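Going line by line, the protein sequences match chains Z and W.
The first sequence: position 31 = 31 (this note's numbering), numbered continuously.
The second sequence: position 329 = 329 (this note's numbering), numbered continuously.
These are computed hints drawn from the structure, not numbers from a lab.
Don't take each hint at face value.
[What the hints assert, rightly or not] For each label pair, taking beta carbons as the anchor points, the in silico distance ranges come out as:
id: 1; chain 1: W; residue 1: 341; chain 2: Z; residue 2: 113; range: 32 to 38 Å
id: 2; chain 1: W; residue 1: 254; chain 2: Z; residue 2: 217; range: 39 to 45 Å
id: 3; chain 1: W; residue 1: 338; chain 2: Z; residue 2: 32; range: 15 to 21 Å
id: 4; chain 1: Z; residue 1: 85; chain 2: W; residue 2: 240; range: 21 to 27 Å
id: 5; chain 1: Z; residue 1: 32; chain 2: W; residue 2: 341; range: 20 to 26 Å
id: 6; chain 1: W; residue 1: 338; chain 2: Z; residue 2: 217; range: 37 to 43 Å
id: 7; chain 1: W; residue 1: 6; chain 2: Z; residue 2: 32; range: 49 to 55 Å
id: 8; chain 1: W; residue 1: 72; chain 2: Z; residue 2: 34; range: 45 to 51 Å
id: 9; chain 1: W; residue 1: 338; chain 2: Z; residue 2: 52; range: 42 to 48 Å
[Claimed, not checked] Looking from chain W toward chain Z, a few residues come up when the C-beta cut is under 10 Å (computed):
id: 10; residue: 251
id: 11; residue: 264
id: 12; residue: 331
id: 13; residue: 334
id: 14; residue: 358
id: 15; residue: 371
id: 16; residue: 373
Computed from a predicted model, the values in this text were never measured in an experiment.
We treat Cβ as the ideally placed atom computed from N, Cα and C, and that holds for glycine.
This is what each chain is made of:
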Amino acid sequence: MRATLLAMLLLCASPGLFPGSAPARAAVCDTPVDLLDPIPLPRLRPAIAAGELRILIGGSATAEAAGAATYHSRLAALLQNHFPTLALRVEARGRAGATAAESLVLILREMPGFRPHLVLWQTGTVEAVRSLELDEMSDTLGEGITRIRAAGADVALLDQQFSRFLRANADIDSYRNAMRVVAAAEGVPLMRRYDWMRHWMENDGPDMERAPRAERAATLAQLNDCLARAIAAQLRHSARR
Amino acid sequence: MQNLIRSARDLRVDLFRGIALWFIFINHVPGNWLGHATIRNFTMADATEVFVFLAGYAGGIAYGLVMLREGWFFAAARVMGRVGTLYVAHVFLFVVFTAQVGFSAAALDRAAYLDELQMDAFGNAPYEALVQALLLAFQPAFLNILPLYIVLLAMFALAMPLLRRPPLLLGASVALYAVVRGFDLNLPSWTGGGWFFNPLAWQLLFVCGVVIGFAPPGRQPFRLPWSRWIMALCLALLIPCGAAMLLVWNAPELLAELPGPWTALLEGVDKTSLHPLRLLSLLALTYIAAHFVPRGAAWPAGFIARPFVLMGQQGLPVFCASIALSFLGRVALEQDDRAGMQLAVNALGFAALLAVGWVSAWYGQKLRATKTANPGLPPRAATDTA
Numbered sequence: 001m002r003a004t005l006l007a008m009l010l011l012c013a014s015p016g017l018f019p020g021s022a023p024a025r026a027a028v029c030d031t032p033v034d035l036l037d038p039i040p041l042p043r044l045r046p047a048i049a050a051g052e053l054r055i056l057i058g059g060s061a062t063a064e065a066a067g068a069a070t071y072h073s074r075l076a077a078l079l080q081n082h083f084p085t086l087a088l089r090v091e092a093r094g095r096a097g098a099t100a101a102e103s104l105v106l107i108l109r110e111m112p113g114f115r116p117h118l119v120l121w122q123t124g125t126v127e128a129v130r131s132l133e134l135d136e137m138s139d140t141l142g143e144g145i146t147r148i149r150a151a152g153a154d155v156a157l158l159d160q161q162f163s164r165f166l167r168a169n170a171d172i173d174s175y176r177n178a179m180r181v182v183a184a185a186e187g188v189p190l191m192r193r194y195d196w197m198r199h200w201m202e203n204d205g206p207d208m209e210r211a212p213r214a215e216r217a218a219t220l221a222q223l224n225d226c227l228a229r230a231i232a233a234q235l236r237h238s239a240r241r
Numbered sequence: 001m002q003n004l005i006r007s008a009r010d011l012r013v014d015l016f017r018g019i020a021l022w023f024i025f026i027n028h029v030p031g032n033w034l035g036h037a038t039i040r041n042f043t044m045a046d047a048t049e050v051f052v053f054l055a056g057y058a059g060g061i062a063y064g065l066v067m068l069r070e071g072w073f074f075a076a077a078r079v080m081g082r083v084g085t086l087y088v089a090h091v092f093l094f095v096v097f098t099a100q101v102g103f104s105a106a107a108l109d110r111a112a113y114l115d116e117l118q119m120d121a122f123g124n125a126p127y128e129a130l131v132q133a134l135l136l137a138f139q140p141a142f143l144n145i146l147p148l149y150i151v152l153l154a155m156f157a158l159a160m161p162l163l164r165r166p167p168l169l170l171g172a173s174v175a176l177y178a179v180v181r182g183f184d185l186n187l188p189s190w191t192g193g194g195w196f197f198n199p200l201a202w203q204l205l206f207v208c209g210v211v212i213g214f215a216p217p218g219r220q221p222f223r224l225p226w227s228r229w230i231m232a233l234c235l236a237l238l239i240p241c242g243a244a245m246l247l248v249w250n251a252p253e254l255l256a257e258l259p260g261p262w263t264a265l266l267e268g269v270d271k272t273s274l275h276p277l278r279l280l281s282l283l284a285l286t287y288i289a290a291h292f293v294p295r296g297a298a299w300p301a302g303f304i305a306r307p308f309v310l311m312g313q314q315g316l317p318v319f320c321a322s323i324a325l326s327f328l329g330r331v332a333l334e335q336d337d338r339a340g341m342q343l344a345v346n347a348l349g350f351a352a353l354l355a356v357g358w359v360s361a362w363y364g365q366k367l368r369a370t371k372t373a374n375p376g377l378p379p380r381a382a383t384d385t386a
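Excised from the complex, chain W in its bound form (with noise of 0.2 Å):
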């Protein structure tokens, strides 16, 4: 596995990386038992921030280099190339989704039971539930995150050019973000309301990843400097959200006795538009994170970090193969939630992932061999790992 580890890179973007595809496919299977373990439960950003954000700072790593380079139209269309995988990819999902729904229904034989079930969004309306799927406004219960990152890369390949200026990006974006807060927008949905995750609001997330990723040629990266006080300020902010998190479902009573505006805030923590708590939280994460494992540590390159870098590195056939599996595991645990049938969900779901990030790095290793060996052959965009 370590020779398919391509060790130029962050291995900790790659670690990190990893494990929020591994906890998306846990978060993305109800009743799994490993989903009282993950972050979700004690921070307010969940295993979706971090994925987000990471995928700004690959993206900022990738295609601000390819931009340098190849100007930005060569880069956008390189891009917008992913946009269309992805697209495909998630079409793909959802006649999987639909079908397991169908076979859930069937299974169960749910008949005179649940009638409020009303899951046939798409039996009621097929033709119509097709057409609005096809144009992102229809999204089945977790099939949420792909439209979101599919739009969001759609935003990059034009906002591109502004990388050049990282603090006119990051500018344009807190605006952006600041008035789709304030005015309450968001992309429209076809069930009603607008997208679970709001692309126009998420796009500060991608983008902090993105300024922080992207290092042209000969000068630093962004990085903040190591400060007590900013640590301070971190978790000042991180333990009261854990605790409140914490309290929520263990002693909601004594939530209610807190004082002051608490209470309210918490109430108000909004995951559709990415509250600015969840963007901090996980922002004060990623400063801890930065500090504790520094740029060249040991252990993101060790033996038990080892499965999640190879994940992390493949970031796009493993993202896509966590939701598909995730069907699985959710029809499985549908049948038997168990001991027995956790483990080996939770078993044969990592391996798989596991398998599918090796296969991927090792066709992509191939590739660059074969393109080294024989510079006659088209180049590919192997490399891209947005």
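Isolated chain Z (complex conformation) (with noise of 0.2 Å):
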């Protein structure tokens, strides 16, 4: 019955299937529609009306990391407070420095278990900072999406952190593009945190390069909660028809 009235709610109000743009927080991190990956995930919407969600994140250090302020907690708590009934979790593996190979094996060590509706694999950094063979990557990339599918789940790719530290002293747009090909041939969202990043530093977002030493921590949580919400709008994005 529960489940029966979450559908018809979905289908009757699209835009309020995630949350994503509370107005209090537009002004800091609104994540702009074009900047979003138009390419749907069939799985997601199913599984919420179904009543249960479960998404796995899987990358290095920022999926490594731990604690309420991590972008995966932000995440589960905003899908949480917006559907109080779902069986929703959200499980991240990580480890700094995990190239895409490496998380990749991480991914699917979890998935019998996990069960995911909807991998999010976050990649990409490492390959570009060691500047590793890029069409290593990119057959990592497509072999991995074709196995996790086979697996029985969705899949999405968050690509690198925008930071000018990075961008000056790595050839990250070829990594980048790379990314974006193998997501567009694959068909699966590329979940565009580079471009989000650069978005929200140049309107007065987080801006963790900028930040005093004393603001570090608060930024990141603020930048993490943007992040949450970013793939919030971007879910929902995916899901809508």
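Could you use the hints to bring the two separately framed chains together as a complex?
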């Protein structure tokens, strides 16, 4: 009964499907719709309608972090707040310095037990920083997406963080382009964290590289909150019809 | 400026080379707004392909004739002299890069942030990093074109005698390319995997340039005749590739819906070992450009084209300068990437490249004049352009 009601609610009020643009935060970290990927995530809507949603985040350092201020905990809180009755689980598996191939191992290891509906694969930074072979990354991503899908989950890629330091010292564009091509070719949404973060910085949002030392922790918390909201906005965008 | 341009040459080549060098500067400064206007956005080939191809072309002209006149050993020695210069330039740029990373890290005080930024392959093992850099096995970001060029020229020095039989040279080159791609061979990289640009594959593009550029006295250089069919083939390659490149960023959902092997194909287009689509795209662009800008066309000698022609004629110093200047450009945009700084970086960058080309051309001209006036002075390779 509850599930049917939820499903009806979803159909009627599509824009309200996910949180992500609460007015209080809009000024700080609004994510313009043209920075969202239009590619759909077909398993999301049925999962929510059935009352159960499991999201697995796999990646490097940012996925390894723990605590209430990480973006995955913020994402879980946002979604739970919006769907109070949803049996929601958001798990993150990461290791600092993990390449795409290494984080794929972490993801695949969790798949059978956790049975996620959606895998959010955060990657690409380590490759760019260490100037690793581009094609190897592309091949790993393509293969990984196929295997995760075969195991029964939707996939979305989460690309690099924006940082002036990273941009000046690593060939970030080549690696972003490669991720964009793989995502488009495989038909999975690319969450453009790089463009989102740059957009927030340019619009007086959180800016880790310019934050005074004393405000770092607060800025990081704000950034993670923005990131969670943007991910939620992307999920809403990919779940619309 | 005009009197510094050597106009007896094929100015079209110099023009496109000059533009490619400018694009290399732009593409080596991520965050530069002009980066959205360079050819990598709508063709599979980017400025690197243009540069390597035209380097082969210029090399075929310059060193081919030297070889015919003075013999292989002399010509090869001269090419290896270039290789030495490039190697020293690369080591210099490596030092500059290492300093830049240190400066940036200090300037942005990035502690406790981005801890996955282990930029410090150098910091972690400085002695080994130095050795690997000298062996060209450690190539930090943006320092991958020079090592490619160094190995290409060294290979060219060895393969020169084959220039007398262009089909044989081309055949050997294609065979190597096929073997390298087929068996996934690459030179090793210290940080894992292979070189960012695999010279064993990229040599084919260089050789294509050499074969097209080389013209023994009394013989016509290799030319594809103009034909509407070839033109149609070129467009049939370039237009879908260009459309796909635009779709990737602007409408990825449409790309996913394309039927057939298109998307799988697109995903497999690698840069490392010069995917055939990149090679063919560059050759198609060349064919079209060569037709629409015929030999002796007026505008490559015109006012707007002149700065690029000058830069293209001084390929080596301008190339090194464009890599070195891109360091400054990146540091500048790291501090501030708004419109004012964008304008400053691009205006100053272009002016500096032009100044390097100008000084180099002026010096070369003076040197030739002195040589003519005093034939007793030792000869010098001031006319090399590859």
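Hint-by-hint comparison with the structure:
1. Range check, residue 341 of chain W to residue 113 of chain Z: about 51 Å between beta-carbon atoms, so the 32 to 38 Å window is missed.
2. Checked against the hint of 39 to 45 Å, the pair residue 254 of chain W and residue 217 of chain Z passes, with Cβ atoms roughly 43 Å apart.
3. Restraint check, residue 338 of chain W to residue 32 of chain Z: a C-beta distance of roughly 19 Å satisfies the suggested window 15 to 21 Å.
4. A beta carbon spacing of about 49 Å between residue 85 of chain Z and residue 240 of chain W contradicts the range 21 to 27 Å that was offered as a hint.
5. The supplied range of 20 to 26 Å is met by residue 32 of chain Z and residue 341 of chain W, whose beta-carbon atoms lie about 23 Å from each other.
6. Judged by the Cβ atoms, the range 37 to 43 Å given for residue 338 of chain W and residue 217 of chain Z is violated: they are separated by roughly 28 Å.
7. In this structure the supplied range 49 to 55 Å holds for residue 6 of chain W paired with residue 32 of chain Z, their Cβ-Cβ distance being about 51 Å.
8. A hinted range of 45 to 51 Å is violated for the C-beta pair residue 72 of chain W and residue 34 of chain Z, which are about 58 Å apart.
9. At about 47 Å, the beta-carbon gap between residue 338 of chain W and residue 52 of chain Z stays in the expected band of 42 to 48 Å.
10. Look at residue 251 of chain W: its Cβ gets to within about 8 Å of chain Z, closer than 10 Å, so that hint holds up.
11. Because the smallest distance between the Cβ of residue 264 of chain W and any Cβ of chain Z comes to about 7 Å, under 10 Å, the interface hint for this residue holds.
12. A hinted interface residue such as residue 331 of chain W counts as satisfied when its beta carbon comes closer than 10 Å to some beta carbon of chain Z; here the least separation is about 6 Å, so the hint holds.
13. Proximity of residue 334 of chain W to chain Z holds as hinted, the smallest CB-CB distance being about 4 Å (cut-off 10 Å).
14. With a cut of 10 Å, the hint placing residue 358 of chain W at the interface with chain Z is violated, because the nearest CB-to-CB distance is about 28 Å.
15. Interface restraint check for residue 371 of chain W: the shortest CB-CB distance to chain Z comes to about 42 Å, outside 10 Å, so the restraint is violated.
16. A hinted interface residue such as residue 373 of chain W counts as satisfied when its beta carbon comes closer than 10 Å to some beta carbon of chain Z; here the least separation is about 48 Å, so the hint is violated.
Comparing the model with each earlier hint shows violations of hints 1, 4, 6, 8, 14, 15 and 16; every other hint is respected.
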